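Student: These are the residues of each chain, in order.
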Amino acid sequence: MSTASLRAGFAAALIASTAFTTAAWADSLTMWVRASGTNAASTLVNLWNSTHADKIELTTIPDNQMVTKLATGVQAGEVPDLVSFDLIYMPDFMKAGFLTDLTADLKANKDYAGVAKAYVDIATYQGKLYGAGFTPDVSILVWNKDLFKKAGLDPEKPPKSVPEIHEDAKKIHALGADIYGFYFSGSCPGCNIFTTSPMMVASGSKMLPASGSDDALTGDGVKDVLEQFKEMWDEGLVPKSAQADNGSNFVALFKSGKIGIQGAGGFLISDLKHDVPDMNFGVTFLPGMKEGQVSAFVGGDVVAIPVGSKHVALAKSFVAWELSDEAQLEGLAKNNILPSRPALADNKYFAAEPRVVTTAKALAVGYVPWVYHFADMVNSDSSPWINMLQRAIFDGDVDGAIKEGREKMKAIAAE
Amino acid sequence: MKTMPSSPTVRRRRARRARNWQGWLFVGPALLFVGVFVLIPLGQLVAMSMTDRSLLGGGKFVGLENYEKIWNDVGFWRALAFTAEYTIVLTPILMGLGYAFALLTVDNTPLRRITRTIVFLPVVIGLGSSSLLWFWLFDERVGLLNKLLVDLGILSEPMVWFITAQRAFWAVVISITWKVVGFGMVLFIAGIQSINPEITEAAVVDGAGYWKRVWRILLPLSRRILLLTTLISAIGSMLAFDQFYIMTSGGPRGQTFTAVYWIYQNSFVSFKLGYGAALSIVLTLIILAFSATQIALTARSAGK
Chain A
1 MSTASLRAGF AAALIASTAF TTAAWADSLT MWVRASGTNA ASTLVNLWNS
51 THADKIELTT IPDNQMVTKL ATGVQAGEVP DLVSFDLIYM PDFMKAGFLT
101 DLTADLKANK DYAGVAKAYV DIATYQGKLY GAGFTPDVSI LVWNKDLFKK
151 AGLDPEKPPK SVPEIHEDAK KIHALGADIY GFYFSGSCPG CNIFTTSPMM
201 VASGSKMLPA SGSDDALTGD GVKDVLEQFK EMWDEGLVPK SAQADNGSNF
251 VALFKSGKIG IQGAGGFLIS DLKHDVPDMN FGVTFLPGMK EGQVSAFVGG
301 DVVAIPVGSK HVALAKSFVA WELSDEAQLE GLAKNNILPS RPALADNKYF
351 AAEPRVVTTA KALAVGYVPW VYHFADMVNS DSSPWINMLQ RAIFDGDVDG
401 AIKEGREKMK AIAAE
Chain B
416 MKTMPSSPTV RRRRARRARN WQGWLFVGPA LLFVGVFVLI PLGQLVAMSM
466 TDRSLLGGGK FVGLENYEKI WNDVGFWRAL AFTAEYTIVL TPILMGLGYA
516 FALLTVDNTP LRRITRTIVF LPVVIGLGSS SLLWFWLFDE RVGLLNKLLV
566 DLGILSEPMV WFITAQRAFW AVVISITWKV VGFGMVLFIA GIQSINPEIT
616 EAAVVDGAGY WKRVWRILLP LSRRILLLTT LISAIGSMLA FDQFYIMTSG
666 GPRGQTFTAV YWIYQNSFVS FKLGYGAALS IVLTLIILAF SATQIALTAR
716 SAGK
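As you go down the protein sequences, you meet chains A and B in turn.
Going by our numbering, the final residue of the first sequence carries number 415, and the count climbs one at a time with no gaps.
Going by our numbering, the final residue of the second sequence carries number 719, and the count climbs one at a time with no gaps.
Since the hints were derived computationally from the structure, they do not count as laboratory data.
Any given hint could turn out to be false.
To be verified - From the derived model, a few chain B residues whose C-beta atoms are all more than 12 Å from chain A: (1) R528; (2) F535; (3) V557; (4) W593; (5) V601; (6) E613; (7) V619; (8) F686.
Claimed, not checked - No farther apart than 20 Å at their CA atoms in a straight line, the calculated lysine to any residue pairs in the SDA-like style are these: (9) A:K95 - A:L58; (10) B:K475 - A:D215; (11) A:K258 - B:K475.
Because the structure is a prediction, the values reported are computed rather than measured.
Note that the Cβ used here is the ideal one computed from N, Cα and C, for glycine as well.
When you get a sec, could you build the whole thing from the sequences and use the hints?
Tutor: Right under this line is the structure:
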């Protein structure tokens with residue numbers, strides 16, 4: 001064999017071994033995501049996997065099993081490297097010591113400074129940071145422009161206060177017995193904390209107590225908004241079926257074109273464009289009792305690293321990467337998902353759809369309550385939150401409902 | 416040296432010991448299964464019920480504190496009363512309808528066999544799937560049931576089924592009856608077919624009509640299977656959860672929480688595993704007491 005052949009063979013072997021060792025050194029991370037966040041999380045994970053040697057394997061966990069799985073996993077020492085879950089569980093998980101401290105890494109990250117304040121607040125415990133906003137969702141007000149036009153209202157002018165919602169709803173209901181001015185899911189605690197509570201917060205109220213000594217349902221906003229809802233219910237401006245709707249028909253009636261105005265989430269924009277492309281609808285911030293007061297519920301998922309992760313350094317680099325322009329724009333915005341940095345709301349992907357820009361900007365005016373036992377206080381089917389709403393709106397006892405709700409929330413917060 | 420031959424008593428004792436060992440050997444695997452998958456977890460549950468264990472960790476021993484809390488837990492007693500009401504209403508419906516279907520389809524003609532299959536089919540559908548199906552059948556906007564009732568003129572406009580506790584209750588009862596009645600039917604058919612046909616033939620010869628034969632012969636002779644099926648059905652109803660979780664979400668206003676649903680809420684929504692364990696023990700004891708009473712009554716009536 002000639003020397004040249006030997007050299008060529010040696011060079012080929014060297015190159016091949018480099019590829020082999022690169023593949024051999026590449027790591028595989030595991031990530032759990034709750035079912036309702038899977039689509040959004042997949043956009044980021046797929047982008048990461050296409051641009052990094054270390055791959056992430058995504059596993060979907062049913063929403064109502066995530067807490068149990070993570071809790072038992074941490075206690076058994078069997079956890080994924082990354083986890084994406086509903087941000088309202090952050091206080092409980094941080095207090096229980098389930099999550100890795102990311103303070104130093106996030107504070108050193110220049111992109112983190114631009115993350116919506118609500119995400120920073122929810123991920124902070126005793127001055128330390130334990131997670132980052134991942135796949136946001138936020139609540140907004142939608143209105144049916146076609147119905148507005150038929151009712152003699154300006155289709156380009158959404159209601160700017162809750163009383164104005166009430167007035168517009170009356171005019172829309174006058175169009176017909178099966179056309180309703182307003183909608184809310186009367187038996188869905190999650191839907192209402194998402195869309196009704198921001199109206200109360202915008203009106204100056206504080207919603208939930210962080211401890212037994214903290215106050216709950218403060219200010220006139222809660223009462224004023226509940227009274228408006230009660231009046232709309234009594235006047236028949238809301239369909240009867242809303243009382244029993246546990247969220248299954250949260251947006252179904254709006255999609256059918258029978259509802260003039262309702263609170264919803266950013267997810268509705270692509271839903272409506274896909275399911276009812278002929279509907280003209282608008283998106284605006286959820287208002288308070290007075291014009292100029294606005295708010296939103298900042299929801300969606302945060303990403304965190306469970307204690308016991310076997311690839312902490314790599315997981316931290318993923319968290320840093322997902323806050324970058326590349327991930328936020330090419331992963332999220334390109335797929336019509338909101339970036340967790342509101343400054344990126346005006347981007348080329350959203351330029352063609354100003355309604356998504358409005359939704360992205362709602363992150364900056366939004367709130368998220370920092371409380372323990374959120375599920376018990378709000379999301380549970382027997383929660384003081386949903387009991388208060390139903391007693392106030394359907395039974396008509398607004399003051400009694402607020403008093404009872406306040407007492408029960410404080411009792412839960414004291415546990 | 417010659418050994419003395421063993422006496423008959425000794426031989427009988429040895430044979431009995433050998434039979435005992437063989438008996439233990441046969442039941443051993445089943446006992447092991449029960450021990451590992453029932454007794455040990457039950458012991459762990461009792462232990463957990465005496466702690467303040469949360470889903471998020473912790474677990475300090477608190478003695479009988481959880482049981483004292485149960486005494487004052489209005490929500491639990493309300494859920495238990497609702498569960499009892501549901502059991503008392505549903506069980507006779509299932510037994511009555513199940514026996515009626517059994518009488519109708521007990522003969523082995525092709526049409527009756529097809530009818531039996533159709534009635535039994537819903538039994539094999541998962542309870543979750545069945546509940547979801549009926550949830551949408553009852554829907555005010557898109558549900559087929561409302562459409563049928565309006566088209567037949569029974570309703571003037573679609574009804575919102577889950578708006579009151581009473582309507583929600585009956586919606587669940589209807590859905591469970593559809594799903595489960597075939598199970599009782601099959602057991603009752605087996606009971607009726609096990610009766611010696613000469614008895615009914617003799618009754619026919621004596622001039623007994625159909626309903627007399629059912630009342631005086633079939634029902635009394637299928638009493639054991641009737642009581643066993645009632646017991647299984649009642650226990651199933653007392654452990655109801657899926658159908659209410661999916662169809663009513665415990666509403667309206669928490670009026671359709673069952674005992675197991677209440678345990679679920681406390682354990683997995685409020686994270687109180689220790690308290691949930693105590694609730695489970697209390698419910699288990701209540702069901703045990705009920706079952707023991709029923710079995711005792713069955714034994715007494717069999718002895719008459």
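Student: Hints first: check each against the structure and report whether it holds.
Tutor: Hints versus structure:
Against chain A, the non-interface label of R528 of chain B holds: every CB pair exceeds 12 Å, the least being about 39 Å. Interface exclusion of F535 of chain B from chain A stands, the closest Cβ pair being 30 Å apart, more than 12 Å. The beta carbon of V557 of chain B sits about 8 Å from the closest Cβ of chain A, which is not more than 12 Å, so the claim that it is off the interface is violated. The Cβ of W593 of chain B sits about 21 Å from the closest Cβ of chain A, beyond the 12 Å cut-off, so the non-interface label holds.
The Cβ of V601 of chain B sits about 33 Å from the closest Cβ of chain A, beyond the 12 Å cut-off, so the non-interface label holds. No Cβ of chain A comes within 12 Å of the Cβ of E613 of chain B; the nearest lies about 57 Å off, and the non-interface call holds. Every CB of chain A lies more than 12 Å from the CB of V619 of chain B, the least distance being 54 Å, so the non-interface label holds. With a least beta-carbon separation of about 7 Å from chain A, F686 of chain B fails to lie farther than 12 Å from that chain, contradicting its non-interface assignment.
Of the pairs offered as hints, the one joining K95 of chain A and L58 of chain A is violated, with about 26 Å between alpha carbons and a cut-off of 20 Å exceeded. A hinted pair counts as satisfied when its Cα atoms are at most 20 Å apart, and K475 of chain B with D215 of chain A does not qualify at roughly 29 Å. Taking the CA atoms of K258 of chain A and K475 of chain B, the gap is near 55 Å; set against the 20 Å cutoff, the hint is violated.
Of the hints listed earlier, those the structure fails to meet are numbers 3, 8, 9, 10, 11, in rising order.
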